[in-house]
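*Asks:* The hints should help you fit chain X onto chain F, whose structure is shown.
These are the residues of each chain, in order.
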Amino acid sequence: DTEVTQTPKHLVMGMTNKKSLKCEQHMGHRAMYWYKQKAKKPPELMFVYSYEKLSINESVPSRFSPECPNSSLLNLHLHALQPEDSALYLCASSQADPDTQYFGPGTRLTVL
Amino acid sequence: AQSVTQLGSHVSVSEGALVLLRCNYSSSVPPYLFWYVQYPNQGLQLLLKYTSAATLVKGINGFEAEFKKSETSFHLTKPSAHMSDAAEYFCAVTQNNAGNMLTFGGGTRLMVKP
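Just so you know, the protein sequences line up as chains F and X, in that order.
In this text, residue positions in the first sequence follow this note's numbering: the first is 1, and each later residue adds one.
In this text, residue positions in the second sequence follow this note's numbering: the first is 1, and each later residue adds one.
If we strip away everything but chain F, and leave its shape as in the complex, we get (with noise of 0.2 Å):
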């Protein structure tokens, strides 16, 4: 089984509300991923938790914060974003370092 899950699927908040992006792996996948992909674009990496650790932090605005409670959830909760923060949110996991990323569903969150 190679699944990653993700909730919601959309997401529309306005500028002051706090949200929250869940990402789940049953895997036993140790690397897990936040990307965030605007239309006709490559996905952007935005952090990356190795062993609950978060090891890679790409220069992400501070409204962006992500969490892995235990090595099977990610979060990624948000707060005060922009307009230009609507974009499709993508959560991978891999088994290590280099290895196959596997990639979720997404969530579509638009900011209104």
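By construction, these hints were calculated from the structure, which means they are not laboratory data.
Note that beta-carbon positions come from the ideal geometry of N, C-alpha and C, so glycine has one too.
One should not assume that every hint holds.
As the list claims (entries may be wrong) - Here are some of the chain X residues that sit facing chain F, going by a computed Cβ distance under 10 Å:
hint: 1; residue: 34
hint: 2; residue: 44
hint: 3; residue: 103
hint: 4; residue: 106
hint: 5; residue: 107
*Replies:* Just chain X now, kept in the frame of chain F:
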């Protein structure tokens, strides 16, 4: 440093025709190479990967890719296009010292004409 270039942001083929999507990479060490497909409003699905074993890699849905070190290429092919192959295709590279960093090419939109 690693980078990926996909030649042709749009490729159009007729149904039943050969599909050829081009990918060139640069890497300072032996690379790991991947092709992903993305259907509209979906995540990325792994098509195939090269990890220093056989240079000709077979993937899902009839796709294959050949690793050519001398040309630093990893082109994706399929002998006969199907309407369901219409999607966005991404080539990506990583390497042993990349710290989980996957570098993507700009993507190629494949259109299949009936």
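*Asks:* Now tell me, hint by hint, if it's right for this structure.
*Replies:* Verification of the hints:
1. Against a cut-off of 10 Å between C-beta atoms, the interface hint on residue 34 (chain X) holds, since the closest Cβ of chain F lies about 7 Å away.
2. With its C-beta approaching chain F no nearer than about 4 Å, residue 44 (chain X) sits inside the 10 Å limit, and its interface hint holds.
3. Proximity of residue 103 (chain X) to chain F holds as hinted, the smallest CB-CB distance being about 9 Å (cut-off 10 Å).
4. Proximity of residue 106 (chain X) to chain F holds as hinted, the smallest CB-CB distance being about 6 Å (cut-off 10 Å).
5. Look at residue 107 (chain X): its Cβ gets to within about 5 Å of chain F, closer than 10 Å, so that hint holds up.
Comparing the model with each numbered hint stated earlier shows that all of them hold.
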